[in-house]
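K.L.:
Build out the structure end to end from the sequences listed, making use of the hints.
Below are the chains, spelled out letter by letter.
Protein chains: 2
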Amino acid sequence: MFIGEYKHNLDEKGRIAIPKKFRVALAQGAVVTRGLDDCLFLYTIEEWQVLAEKLAGLPFSQANTRAFARLMLAGAMEVALDKQGRIVLPEYLRTYATLQKEATVVGLYNRLEIWDHAVWGEYTKQTEVARNEIAEQLSELGI
Amino acid sequence: MFIGEYKHNLDEKGRIAIPKKFRVALAQGAVVTRGLDDCLFLYTIEEWQVLAEKLAGLPFSQANTRAFARLMLAGAMEVALDKQGRIVLPEYLRTYATLQKEATVVGLYNRLEIWDHAVWGEYTKQTEVARNEIAEQLSELGI
DNA sequence: AAGTAAGTGGGGAATTGTGGGGAAAAAATA
DNA sequence: TATTTTTTCCCCACAATTCCCCACTTACTT
Numbered sequence: 001m002f003i004g005e006y007k008h009n010l011d012e013k014g015r016i017a018i019p020k021k022f023r024v025a026l027a028q029g030a031v032v033t034r035g036l037d038d039c040l041f042l043y044t045i046e047e048w049q050v051l052a053e054k055l056a057g058l059p060f061s062q063a064n065t066r067a068f069a070r071l072m073l074a075g076a077m078e079v080a081l082d083k084q085g086r087i088v089l090p091e092y093l094r095t096y097a098t099l100q101k102e103a104t105v106v107g108l109y110n111r112l113e114i115w116d117h118a119v120w121g122e123y124t125k126q127t128e129v130a131r132n133e134i135a136e137q138l139s140e141l142g143i
Numbered sequence: 001m002f003i004g005e006y007k008h009n010l011d012e013k014g015r016i017a018i019p020k021k022f023r024v025a026l027a028q029g030a031v032v033t034r035g036l037d038d039c040l041f042l043y044t045i046e047e048w049q050v051l052a053e054k055l056a057g058l059p060f061s062q063a064n065t066r067a068f069a070r071l072m073l074a075g076a077m078e079v080a081l082d083k084q085g086r087i088v089l090p091e092y093l094r095t096y097a098t099l100q101k102e103a104t105v106v107g108l109y110n111r112l113e114i115w116d117h118a119v120w121g122e123y124t125k126q127t128e129v130a131r132n133e134i135a136e137q138l139s140e141l142g143i
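Chain order of the listed sequences is A and B.
In terms of our numbering, the first sequence is residues 1 to 143.
In terms of our numbering, the second sequence is residues 1 to 143.
Chain copies aren't distinguished; within one or between two, either way the pair holds.
Restricting the straight-line Cα-Cα distance to at most 27 Å, the calculated cross-link-like pairs of lysine-lysine (DSSO-like) are:
#	residue 1	residue 2
1	K101	K7
2	K125	K13
3	K20	K54
4	K83	K13
5	K21	K7
6	K101	K83
7	K54	K125
8	K7	K20
9	K101	K20
Think of the hints as simulated: they come from the structure by calculation, not from any bench.
P.N.:
Below you can see the structure in the form of structure tokens.
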């Protein structure tokens, strides 16, 4: 289970360290792709397989599902951890998420997200305002 | 069962002592995360597992459920008690709850909450006013 | 008033994150 | 096809953080 928030830096080669505790889970391989809200999604191979099949199942007759499939499927790239537990983020993904140096890695159960540090700060600041309303909407889930 | 109110101090390393009587319950591990009303929630591993699964089940295609999952899942961090019965609160959680030194730990049956002492004081003062009204609204729940 | 139990503070060792240099592989050009 | 250039990958070393342990202080109990 991926949870938590971690501040890591990209180096000049576009590499980023994966938090130690997640490395075993990703040792078999991982897939990074374009995510929602200007961040990157990172999945284990198995989780990615599940998601990819769902995406592939979307009707390509509709313009918006086509766009969504292209965002995530065409954006995807398989990555491997090096001996120090880092992955290389291809340039197009760094551009997409406006990643430069400071990044925040966050765990969301079955995926990791990689954010530019400043963008993540903005996002949390904005959504914190609405959190109580959202919480009330979700009360029916028993949360 | 967690009940009661305890005043503890954070030290310079961001550690806080867990009230003695709750330590056995949390010995197997605990998870702290961002809570509602500017405090932190702390669960036993088992309780957290249930909650995490509910959160993970929310569809990531909707903006507000995404935001809520990021609040609680990405906010979560597994913590362990040290030999003295303390946990370390990561910096981002201390910032979230505006925790500096004085803190109040309160028990709410299946979770603990960690508040900045002053914020907790404010909160209880404010809700005291509305308490009677709230009580009447709750009568229909059989309380 | 003394002893015990719980909370607080801090120092040192081990682990994890970061940066960079060099070798191997791949790509491009002649 | 040979040679040069670029890119990727692997490894080493430093820096920073985290974790673990020991000691002190305060508060409660008998």
